[in-house]
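Sequence lines, in order, name chains A and B. According to the working numbering, the residues represented by the first sequence are 1 to 291, in order. According to the working numbering, the residues represented by the second sequence are 1 to 290, in order.
Simulated from the structure, these hints should not be mistaken for laboratory data. Where hints are given, some of them may not hold.
A few chain A residues that don't get close to chain B, going by computed Cβ distances all over 12 Å [what the hints assert, rightly or not]:
#1 44
#2 115
#3 118
#4 130
#5 138
#6 140
#7 144
#8 148
#9 157
#10 216
#11 244
#12 266
#13 267
#14 269
#15 280
#16 290
Taking CB as the label site, the calculated pair distances span [unchecked claim]:
#17 A:169 - B:23: 51 to 61 Å
#18 B:147 - A:104: 56 to 66 Å
#19 A:234 - B:23: 49 to 59 Å
#20 B:31 - A:107: 24 to 34 Å
#21 B:284 - A:174: 23 to 33 Å
#22 B:180 - A:260: 49 to 59 Å
Computed from the model, here is a short list of chain A residues facing chain B with C-beta under 7 Å [stated by the list, open to error]:
#23 92
#24 114
#25 139
#26 143
#27 146
#28 147
#29 151
#30 156
#31 158
#32 177
#33 181
#34 184
#35 223
We put the CB at the ideal spot given by N, CA and C, even for glycine.
Take a look at the letters that make up each chain.
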Amino acid sequence: MTDGTDIRRNDGAGDAKSFKGFCQEFSKIPGPGGEAPPLLRVSGLTRRYGACIGCAEVGFDLWPGEVMGIVGESGSGKSTLLACLAGHLAPDAGQVLWRDRDGRTRDVLTMSEPERRMLARTDWAFVHQNPRDGLRMGVSAGGNVGERLMAVGARHYGRIRATAADWLGRVEIDPGRIDDAPHRFSGGMQQRLQIARNLVTHPRLVLMDEPTGGLDVSVQARLLDLLRGLVREMGLSAVVVTHDLAVVRLLAHRLMVMKDGRVVEAGLTDQVLDDPQHPYTQLLVSSVLQV
Amino acid sequence: MTVQDSGYTFAYLDEATKRMIRRALLKAVAIPGYQVPFASREMPMPYGWGTGGVQLTAACLTPGDVLKVIDQGADDTTNAVSIRSFFARVAGIATTEATAEATIIQTRHRIPETPLTEDQILVFQVPIPEPLRFLEPRETETRRMHALADYGLMQVRLYEDIARHGAITRAYAYPVRVEGRYVMDPSPIPRFDNPKLDRSAALMLFGAGREQRIHALPPWTRVESLDFEDYPFEASRPDAPCALCGATDSYLDEVITDDAGGRMFVCSDTDHCAGRRAAGHRGASTETGA
Numbered sequence: 001m002t003d004g005t006d007i008r009r010n011d012g013a014g015d016a017k018s019f020k021g022f023c024q025e026f027s028k029i030p031g032p033g034g035e036a037p038p039l040l041r042v043s044g045l046t047r048r049y050g051a052c053i054g055c056a057e058v059g060f061d062l063w064p065g066e067v068m069g070i071v072g073e074s075g076s077g078k079s080t081l082l083a084c085l086a087g088h089l090a091p092d093a094g095q096v097l098w099r100d101r102d103g104r105t106r107d108v109l110t111m112s113e114p115e116r117r118m119l120a121r122t123d124w125a126f127v128h129q130n131p132r133d134g135l136r137m138g139v140s141a142g143g144n145v146g147e148r149l150m151a152v153g154a155r156h157y158g159r160i161r162a163t164a165a166d167w168l169g170r171v172e173i174d175p176g177r178i179d180d181a182p183h184r185f186s187g188g189m190q191q192r193l194q195i196a197r198n199l200v201t202h203p204r205l206v207l208m209d210e211p212t213g214g215l216d217v218s219v220q221a222r223l224l225d226l227l228r229g230l231v232r233e234m235g236l237s238a239v240v241v242t243h244d245l246a247v248v249r250l251l252a253h254r255l256m257v258m259k260d261g262r263v264v265e266a267g268l269t270d271q272v273l274d275d276p277q278h279p280y281t282q283l284l285v286s287s288v289l290q291v
Numbered sequence: 001m002t003v004q005d006s007g008y009t010f011a012y013l014d015e016a017t018k019r020m021i022r023r024a025l026l027k028a029v030a031i032p033g034y035q036v037p038f039a040s041r042e043m044p045m046p047y048g049w050g051t052g053g054v055q056l057t058a059a060c061l062t063p064g065d066v067l068k069v070i071d072q073g074a075d076d077t078t079n080a081v082s083i084r085s086f087f088a089r090v091a092g093i094a095t096t097e098a099t100a101e102a103t104i105i106q107t108r109h110r111i112p113e114t115p116l117t118e119d120q121i122l123v124f125q126v127p128i129p130e131p132l133r134f135l136e137p138r139e140t141e142t143r144r145m146h147a148l149a150d151y152g153l154m155q156v157r158l159y160e161d162i163a164r165h166g167a168i169t170r171a172y173a174y175p176v177r178v179e180g181r182y183v184m185d186p187s188p189i190p191r192f193d194n195p196k197l198d199r200s201a202a203l204m205l206f207g208a209g210r211e212q213r214i215h216a217l218p219p220w221t222r223v224e225s226l227d228f229e230d231y232p233f234e235a236s237r238p239d240a241p242c243a244l245c246g247a248t249d250s251y252l253d254e255v256i257t258d259d260a261g262g263r264m265f266v267c268s269d270t271d272h273c274a275g276r277r278a279a280g281h282r283g284a285s286t287e288t289g290a
């Protein structure tokens, strides 16, 4: 009896130790890309707002096909970090190294503006929390999806329209509504349209700021399903900023937890959520409402 | 009345202002299609009546010049007549209605039918020089878009036209791309005139007085109208001959002749039409009548 408990306890302790060791080992493995170098290598990224810290000393690697989640409470620097990555904000210090299609490594922050814009409409995509920020509300759904194509030089109306219709179908919008303006769409449809508009040029990196924010739960679930399918199918790499732990549980392979502008914990999503180490992460995980 | 009697500096504007405008013009010619800001002056006419064009004409005029002014192609409308007499008075220069005789032609919304030569300057009156204005209201942003040649949005507008109407319906101020670089609003000329911009022998200057912008096309500049491969640009005109001179290749005005729906199409370029009639050409309404 006593032996049994001991054994069980030993086994348990041993399991926990080996699992933790496994996780530590695993987080060092260079992602699903195997030997390939990371797609995005961020180091020392810092942005201050006067005396306040937006984000400080943030660094991570993102491999091809990998989805990185960033969670934290409001004001923890998630959106600042994402805006710095996307080039919407100029960071005070740090590097964002990007491996382009030719395998060259470029520092996104020192790129010229035309190069950055080109990158932003070809290889990168940005999904805003509010679809109104990411869509042209006065332009038809087809025009919205086609804009990126036309911006990189597509000049064949028939082909642009066919591609737009195809993408509307892929994000579960009836292609018959291709000429409707987005303000006639529901919130969930607008968000899906924004995603179609971003993915039409087959980007390699998608930055998402609260992609499911402001949507009701059933619509959220369908959107997450769709995103998960697209990420897998297209082999996208993505950085998803959210305060919704369920979203990262579903989407993200790895997770960073931010507090007061700093990364307090990082690791595999399941590892961080099931076995949080930092007191703040423990608080965050225990704060999730159970239905 | 001579210029000295009129009490004005030659061509109304003071010399410093003309020099400032010429500097802006030189820059505009050096960067075809680029909108150069200039310190537009108050002119003795309201904005929208050609204050920009008048200032460019004043800066370009020399005492030996012969000036022609047209308004929608016509030499005999209020605006054309008054601008012509204005410069006859303040510059003492000769004026004409014949395109071939003019050295400077100020125009509102047309390019003459008679081909222009290298010895002529065409000055356009421009209401809104910014082709992206109604797509992007912020001037700071449109200037950045021009700087980065970020013209996808312009194409989106043409896409919307085809999606809604089945064709590009833009009939005037049809956007063009200059030397493969800047997208330019050619002022509200009918799109029928767009092909005349391409590799034109004459220097073309565009002045927007209220908006304080000058842009220019040096002679022989490549100018392409924006379009799609499967919806190519077409210069459109009413499918009728001129009722007065019978021309089938000129741009036509539709004139309502009575309250019973009667109408006729006549050449918008009055000098061209009169020249053809003088040469013996007749249209449907002049064959029997005159």
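Item to check | Interface hint for residue 147 of chain A, Cβ within 7 Å of any Cβ on chain B | outcome: Holds, because the Cβ-Cβ distance from residue 147 of chain A to chain B comes to roughly 5 Å (cut-off 7 Å).
Next on the checklist: Please check whether residue 156 of chain A passes as an interface residue: C-beta within 7 Å of a C-beta belonging to chain B.
Outcome noted: 5 Å, holds
Item to check | Cut-off 7 Å, beta-carbon criterion: hint that residue 114 of chain A touches chain B | outcome: 5 Å, holds
Checklist entry - Okay, residue 284 of chain B versus residue 174 of chain A on CB: inside 23 to 33 Å? => result With Cβ atoms ~52 Å apart, the hint is violated.
Checklist entry - Does the claim that residue 269 of chain A lies outside the interface with chain B hold up, using a Cβ gap greater than 12 Å? => result Holds, because the least Cβ-Cβ distance between residue 269 of chain A and chain B comes to about 36 Å, which exceeds 12 Å.
Next on the checklist: Can you verify the interface hint for residue 223 of chain A: is its Cβ closer than 7 Å to any Cβ in chain B?
Outcome noted: 25 Å, violated
Item to check | Proposed interface contact between residue 139 of chain A and chain B, which counts if any beta carbon pair is under 7 Å | outcome: 6 Å, holds
Item to check | residue 169 of chain A paired with residue 23 of chain B, Cβ distance criterion 51 to 61 Å | outcome: Holds, at about 56 Å.
Item to check | Hinted contact residue 158 of chain A with chain B - closest CB pair below 7 Å | outcome: 5 Å, holds
Checklist entry - With a cut-off of 7 Å, does the beta carbon of residue 143 of chain A approach a beta carbon of chain B closely enough for the hint to hold? => result Holds. Min distance 5 Å.
Item to check | Distance rule for residue 138 of chain A, whose beta carbon must clear each one in chain B by more than 12 Å | outcome: Residue 138 of chain A not clear of chain B: closest Cβ-Cβ about 9 Å, inside 12 Å.
Item to check | Interface hint outcome for residue 177 of chain A [beta carbon to chain B under 7 Å] | outcome: Violated, about 12 Å.
When the structure is compared with the earlier hints, violations turn up for hints 2, 3, 5, 6, 7, 8, 9, 18, 21, 23, 32, 33, 34 and 35 and for no others.
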